[in-house]
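Asks: Sequence:
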Amino acid sequence: MVSRRVIIWGIIGLFPLILLLTFWANLRHGIRVDRLEFAGFKVERLYLKLDNRLLLHAQKVRIPRSKTPQGPRALQKGLERLHRALEFFDDIAIEDLGIAGHSYRLIYRDKILYLKSPDFEAAGMVYDRGKEMEVQFPLVRILHYDITLSGELHYRYRDSRILASGFYHVPDLSGSFSVSREGDEIDFRIDSMKTGSLKRLLALVPMSREAREWLEDRISAKSYRLEYLQGRGRYEEATGTFHPDLTTLQGAARLQNLRILFNDTLLPITATKARVVLQKGNLYFYLDGPRYGKRRLAGARAALLQLYDPKRLTLLLRIHYKGRIDWQILKILHAYGLKVALGQKSGQSEARVDLDIPLAEGPVKLRGVVRLGKGMLEFHNRQLRIGGGELAFTSHKVVIRALRIEEKDLQGTLKGRIDLRRHQAKLILNAKRIRLKAAGRPVVSMEKQSIPLEIGWGTEGYRIRLPSLDASLIFPESKRFRFEIDRLSRWMPWLQGIPKVFRDGKLKVEGPLGGPYKISGTLLWPSTPFYTRSGPVERFPFQAKILNGALLFEALGGKIAFRSDQRVLHIDGLNVNARRLLKIIEENKEKTGAKSPKLQFSVLGSKSIIRYGRYVLITDNYRLDLHGKKIRFSGTLGNDNVLLVKEGEVLNIEARQIGDRMLHALIHFNGLRGGRYTLHLSGTEAKGYTGEILIEGGVLRDIKAYNDMIALFNTVPALLSFSDPGFSKKGFEIKKGRILFTLKGETLQIDSILLEGRSATIAGKGTVDLQSKALAIELAIRTARKLGKTLGQIPLVGYILFGKDKSLTAGVKISGTLEKPKVTTNPVGEALLYPLELLKRTLTAPMNLEQESQEGAEPSSTEPKTNNKPGTPSTKEKPNY
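Just remember that the numbering used here sits 117 ahead of the position in the sequence shown, which is counted from 1.
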């Protein structure tokens, strides 16, 4: 018999089963609960029913935070619970599901899961793949960002790996994506279709605000397409945030009709197509058909570096250009501090320019190489023809490796360095040929010379120094210049068309670039043709200017003036060595290459002494004309005139009725005083010169030889007759006279001297050595005086001859030198066969003397024998003056 205890414990043991069967029976019919709370869960208006699987409907469900998966694997645990829970339900509908403070609407029916929150909305198919759950999302909308997603989600229990892939769509942008998660690590990849919105595309890429703003402001294209964007990151469960690893982020995009506005003052760089690559935090732009304005930039690239660091954000431009380097290309260099004013007027070149442009702060770095082709360079509206060259440059330096200059008058190679920071340059011009011209004529000619150039510039302008030539070229203003030569001797070997007579000097040329120019300086002329009483004038301060192509020159305060278009040199108050001046003019004619024999040049002077070799002219005014090979000189002194004509080697001098002052200077002899004189001279330097001096009136005095001759007259009793009145210490009074002479080299041959005085006549000839100053002159002196008591003392043969007219003739010989002449009596013989009257008296002297002796004179024991020569001229013949 069963005891009561057993029955009671049996009933108690069956109670849970009974309750379970009761709950099961009610669950099959459906259970409704308005409000339910247990273990922190809260449920309102619950409806629960069991068919094959459970059906759960509720208005509101709150899951306590303590029951929500936490930690680094929260998402993984959450998906795992969802997967297991869905195994027991066929239908779930919760209008308000609260999890960790977030509200969701959850519907699951026929393996379709619908989930909606204020932030997103998702619907998809859920499949149980054994140890893997697969969710296909035909639709996921992220409401806050207006993003629509569609794709698949795979969760693997075995390795707890989550895989997601599909498509996305936002306004103006759509594409595909794929995401995989393993632990906290997430890998993703995304692409896009074509879009016209750069802002939407940039929203996919993490970068600094400064980088994003620069790209949005400076980059524009007709369309954009993201080829891919992929990377890796870490998902933080606690905050629900994703932290991408920027070092793994990379991607690429395609752009159509790109424009890069890299500088507000410059034209944009354009490209028909471009591929933009994201790598290691940098954006690289590979351009297809790039241009700057209308200029092609084949091979040009760009890059934006340090997208994540705003302080190091930098734009890189790599410009590769083939064509003419014109001002539009140079503007790029100007915009970044390289002020280059040298462009190409014609020709083709190849240039590579690298620009590193900090977009936050810091200096721009500039590097480049230009290979210039044959053509024409342009610098400040001036052109230079070149055969090519190569230049390298940075932000602060320019290196001219080789610039071949091929101008007609300037050929060579230029190389050197330009320091832009220090505003200086050191260059070397290896000149093959240099020709400088003035007024259309060459003035400087150089060949095969190496010329260093030192260039500096600043607020005061530009300065080009030529140290080897001691010269400087200065541009104090943009339209003015100044050229200075400190030592003109450095330029002498290369001067052309200018007489190389100046030993040294200084020169300064200044003025506007287009003229007129002001020229000034000082010339040192050791072989100067100009002199004063104090000596040669070797220092010439001067001023000049070029007016309408003509040179206007003035030196020594106006004492020398020259105008090239008129070819007239004015000289005032300066003495001139005419031979030296004419030689300079002849040399100038040869060096200027003047082939025409009709070269004309004139010299107008005043208050000057003119010296030509041994001839000196004192003039008030004179004129020298050079016409081809003919030189004509005319001068005046008071009423006196002199004319000098030189044609070829032949020289002619003529002076008529001149006075003492002009004659003394002309013949280097001042013994003739108070008369009027006519001078004729002609000949060549090689053959010698012949001349004639005609004398009218005056006195011969103050000559050492004459004084010695008077002393001789006073000491020799036989010659006392000559001391007065024709000969005296006051001089020999001349009525008229004639001197014929020949000058060849250093020898002056006096062919004939005939001076007719008031009571005496002098005749003779001789030689003067102008170098040794030696004298060899023989004179015959005749005086008309009656015989006195002294006649007996005079020998018949030797020194004195008596004329038929009671005249007395004596022979005098002058030897020694000009400083120390020796005067002695000389027999009147063969040496004095002229003039004809004197010769006749010499031959008839014995007969006349015998007749006079018969009248009372004592015969002389020393009577010489004479031989009469036939053909002796008649005494009636007059001397030819």
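Just so you know, these hints were derived from the structure itself, not from any lab. Treat the hints with care, since some could be wrong.
To be verified - Capping the alpha-carbon separation at 30 angstroms, the derived lysine-lysine pairs in DSBU-like fashion look like this:
id	residue 1	residue 2
1	Lys390	Lys339
2	Lys456	Lys491
3	Lys662	Lys676
4	Lys549	Lys491
5	Lys532	Lys491
6	Lys428	Lys491
7	Lys549	Lys625
8	Lys543	Lys676
9	Lys482	Lys525
10	Lys525	Lys635
As the list claims (entries may be wrong) - Pairwise CB distance ranges, derived in the manner of DEER restraints:
id	residue 1	residue 2	range
11	Ser562	Ser651	20 to 26 angstroms
12	Ser681	Leu378	29 to 35 angstroms
13	Arg604	Glu766	17 to 23 angstroms
14	His286	Ala156	56 to 62 angstroms
15	Ser562	Ser644	42 to 48 angstroms
Every residue gets a Cβ at the ideal spot worked out from N, C-alpha and C, and that includes glycine.
Asks: Take the hints in turn and mark each one as holding or not.
Replies: Verification of the hints:
1. Lys390 <-> Lys339: holds (10 angstroms)
2. Lys456 <-> Lys491: Roughly 23 angstroms separates the two Cα atoms, so the pair holds.
3. Lys662 <-> Lys676: Holds, at roughly 17 angstroms.
4. Lys549 <-> Lys491: holds (18 angstroms)
5. Lys532 <-> Lys491: Status holds; Cα separation ~17 angstroms.
6. Lys428 <-> Lys491: violated (44 angstroms)
7. Lys549 <-> Lys625: Status holds; Cα separation ~26 angstroms.
8. Lys543 <-> Lys676: violated (43 angstroms)
9. Lys482 <-> Lys525: Not satisfied, since the Cα-Cα distance of roughly 39 angstroms exceeds 30 angstroms.
10. Lys525 <-> Lys635: Answer holds: lysine 525 to lysine 635 is near 27 angstroms, not above 30 angstroms.
11. Ser562 <-> Ser651: 20 to 26 angstroms: violated (37 angstroms)
12. Ser681 <-> Leu378: 29 to 35 angstroms: This hint is violated: roughly 58 angstroms between Cβ atoms.
13. Arg604 <-> Glu766: 17 to 23 angstroms: Taking Cβ atoms as reference, arginine 604 and glutamate 766 lie about 38 angstroms apart, which means the hint is violated.
14. His286 <-> Ala156: 56 to 62 angstroms: violated (42 angstroms)
15. Ser562 <-> Ser644: 42 to 48 angstroms: violated (22 angstroms)
When held up to the earlier numbered hints, the structure conflicts with 6, 8, 9, 11, 12, 13, 14, 15 and fits the remainder.
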